[in-house]
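*Asks:* Chain order of the listed sequences is L and Y.
With this note's numbering applied, the first sequence corresponds to residues 1 to 203, in that order.
With this note's numbering applied, the second sequence corresponds to residues 1 to 295, in that order.
Calculated from the structure, these hints are not laboratory results.
The beta carbon of each residue, even a glycine, is placed where N, CA and C say it ideally should be.
Among the hints, a few may not be true.
Claimed, not checked - One-sided and incomplete, this derived list gives chain Y residues near chain L with beta-carbon spacing under 8 angstroms: (1) 194; (2) 250; (3) 264; (4) 266.
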Amino acid sequence: MSGRGPWVPVAASADLAPGHVYQTMLAGQGLALWRGDDGAVNVWEDRCPHRGVRFSAGDVVGGELRCVYHAWRFAAGSGACTFIPAQPNAKVPRAIHATPWPVAEVAGLVWTALAAQGAPPADLAGEVLRALPVNRPAAAVAQEAAALMAAHPALRLFVQPLAADRAVIRGLAAGVDIMAADLLLEAARRRLEDAALMEAAAC
Amino acid sequence: MAEILTGAASGARDPVLWNDWHVIADLAALRAGADFATTLLDVPLLARLGAAGAQARRADGAPLHTEVAYGFLWACLGAPARPLITIAEYAEAGRTIATGGSVGVHVAAPRVVENFLDLGHLGYVHVGYLGEEPETMVHPYRVGPLEGGGVLATGCKVYQPVASPAAQGGYMVDYQYCVVRPLITCLHKANPVARDAWDVIYLFVQPVSEERSIAHTLMLFAPDGTQPADLRRFQQLIFLQDKPILENQTPRRLPLADGAELPIAADSTSVAYRRYLVAEGLAYGVIPAGARVAA
């Protein structure tokens, strides 16, 4: 499968509208994605280090993400906490920071990795397909995606594992109608989920 | 013993909560001739108004201790290790008393208590009522043990635009917090009309399961003309601002290990509360110190 390796697309660039915090998961880990006013994307563990509130419930304020609970602010890039309104005159301890993940924005997709190994993907082109969630384990979805790519070389497909039994197919289509490509993905999802229903019924 | 016969209930493995009293229903929620179903520490209960007043029983028929007090029905699944708490203000003449409704929250009970003790969120989660920018600084206050066990925080001050239904404008409100049981806490705040009188709010958190709770509140306000319905409306407004915050906390259980979450000086009450839970040996609705924090 294309893009084999630790880098996985977890959003489309177009999902990250200014001011928006996009929530997703990778292998059971909640992620908060947002674009600072410098245009760069941040992929953070979706959890404020103070009381564990999801960052994705917060707001983007310029180059900072503001937690919804106590309005602590965290800087784009480093994730360092810059301001604590309850103690406005005190220096913020360095230990307080968000947990940034590796990030790359390539070919209209936002990529991250559980552990950054090697360079992010390059030589990718095409139109970004609609992300399609599938209620099946990532391994089964990847198998179906590989078969699709073998039959349709214009497609480059990638599988984002969400949790144990759920994954998202993301991808690019070069030189083909993306509506037609989308219908192929829909059909693949139906095959995968119908097969799971048959298995369950057989038990 | 019932605990052994029904060992499947995960609440039974926490003797602190199993042998303590918990609010399970606002008496106003009960009707004659119709069961009110609820759950305490994973154990299904049924309550109703009978000829002898409010009563509750376990759905599986095992024994259950119950009491009626302060407008609520209370239950203890094990052997009560201590009596019900005493709320002296309940007997004071002239107080306006109201229950604030019972709100389900998809988070562990100690998270609900900790939020109640928190000063730093008032200017954001309750903006325009219990705080506002730029008055967001948490002024230094004192925290110590409560006599008889628990936590006492005194000398808290917070600027509030609308401190309660009777407030005619913003003022610097004096606060005190008590944690009297692992899942029972109360605050005293200066009444807006008679600033030397305390309005009292109790929070009783019913542990439904490890990660689900029902928050019950009781308000005992100094006489300032406010009606019970006004108190109830205000309390529900405030608590429904907290609920989505609580339900976005992850993990849902309260982590007790030092460093699992990062408190600051303004969070001294929270730090003392977590240490109190460690000292009590609470095991339910928490991630014990030493356990790995689940994602």
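*Asks:* Now look at each hint and say whether the structure bears it out.
*Replies:* Verification of the hints:
no.	hint	result
1	194	violated, 29 angstroms
2	250	holds, 5 angstroms
3	264	holds, 6 angstroms
4	266	holds, 4 angstroms
Checked against the numbered hints given earlier, the structure breaks only hint 1 and satisfies all the rest.
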